[in-house]
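Trainee: Residue numbers (numbering that gives the first Met the number 0), protein chains in the order written: chain A, 0 to 76; chain B, 0 to 195.
Among the clues, some could well be false.
[What the hints assert, rightly or not] With a Cα cut of at most 35 Å, we get these calculated DSBU-like pairs of lysine-lysine:
1) K191(B) to K4(A)
2) K82(B) to K191(B)
3) K116(B) to K4(A)
4) K116(B) to K191(B)
Worth flagging that the hints you see were computed from the coordinates, not collected in a lab.
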Amino acid sequence: MLTCKDVATVIGQDDVRNLGWWRRLGLQFHLLMCPDCRRYAAQIRAIGVSARRLFREHGEDPQTLERLRETILRRRG
Amino acid sequence: MAEIVTPEDPGLAAEVRAGNRTAIQTVVETYLAQILRAARGAGLDPQRAEDVTQATFMTFIESAPRFEGRSSVRTWLFGILYKKIAEARRARQRDRQMDEIDEAFEGRFDASGSWSKPPQPVDTVLHHKEVETEIFACLDAAPLRLTLAFVLREVEELSTEDICDVLGITRTNLGVMLHRIRNRVRDCLESKGVRR
Numbered sequence: 000m001l002t003c004k005d006v007a008t009v010i011g012q013d014d015v016r017n018l019g020w021w022r023r024l025g026l027q028f029h030l031l032m033c034p035d036c037r038r039y040a041a042q043i044r045a046i047g048v049s050a051r052r053l054f055r056e057h058g059e060d061p062q063t064l065e066r067l068r069e070t071i072l073r074r075r076g
Numbered sequence: 000m001a002e003i004v005t006p007e008d009p010g011l012a013a014e015v016r017a018g019n020r021t022a023i024q025t026v027v028e029t030y031l032a033q034i035l036r037a038a039r040g041a042g043l044d045p046q047r048a049e050d051v052t053q054a055t056f057m058t059f060i061e062s063a064p065r066f067e068g069r070s071s072v073r074t075w076l077f078g079i080l081y082k083k084i085a086e087a088r089r090a091r092q093r094d095r096q097m098d099e100i101d102e103a104f105e106g107r108f109d110a111s112g113s114w115s116k117p118p119q120p121v122d123t124v125l126h127h128k129e130v131e132t133e134i135f136a137c138l139d140a141a142p143l144r145l146t147l148a149f150v151l152r153e154v155e156e157l158s159t160e161d162i163c164d165v166l167g168i169t170r171t172n173l174g175v176m177l178h179r180i181r182n183r184v185r186d187c188l189e190s191k192g193v194r195r
């Protein structure tokens, strides 16, 4: 039987893929029945999504990139 | 006349080793933004991040003749970046905080493994300025390896093998590290009272 702590650990470790089919079924069933674990899983997922968006949106200033590229490629000569 | 070389080109490693100008330029152009982004993600301020990025590519260029191509160019670059960042952050010893993080997680469950302190509602539209600041601040304060594991996995979407290669850790280590940093960020956001 999976406890909430087991579920939270597997989700946090990104380990769902490595569970055997039986335990994965148990995990999905637990999530169906447990709103706290559902919330936890959703929050972990949302953090990943937000981080990806934040980092990529911040996007590097094209001038900075250009300047860096110039410096790197010029110096290699 | 040099052939056009693309990042997917299987001959890239050989071209890089031979010092082929185009190959090197392709590598720089392909990975510059990612490396800079990862340096910023690791908590370096903009100037340091630029310095470290530049240093990473300079090291790449000068050690190109020794590149065997066993790992991908990208993994190799991230490996160099990791060492450069570690040098830049050497003054900031955060590893002692690792134990605190585990206690924070353990303390949320009772003896039977059920939540005693369940997660609180957090605004799932994590886009506001304060949340942004919070995520960055939390990552910045965390031990470098945790932050980098998070950035490489969540933002750069490197495979498990590649991340383990870059950080010099096992798959099990990586799982534990991701768990810790994710909990840490989640706890940071919850404690800052981000509410739906």
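Trainee: Please verify whether K191(B) and K4(A) have alpha carbons no more than 35 Å apart.
Mentor: The given pair, whose Cα atoms are some 23 Å apart, holds under the 35 Å limit.
Trainee: Starting from K82(B), check that the Cα of K191(B) is at most 35 Å away, please.
Mentor: Given that 35 Å is the threshold and the Cα spacing comes to 32 Å, the pair holds.
Trainee: Holds or violated: K116(B) and K4(A), Cα atoms, limit 35 Å.
Mentor: Between K116(B) and K4(A) the Cα gap is close to 11 Å, so the pair holds against 35 Å.
Trainee: Taking only the CA atoms, is the gap from K116(B) to K191(B) under or equal to 35 Å?
Mentor: holds, 16 Å
Comparing the model with each earlier hint shows no violations; every hint is respected.
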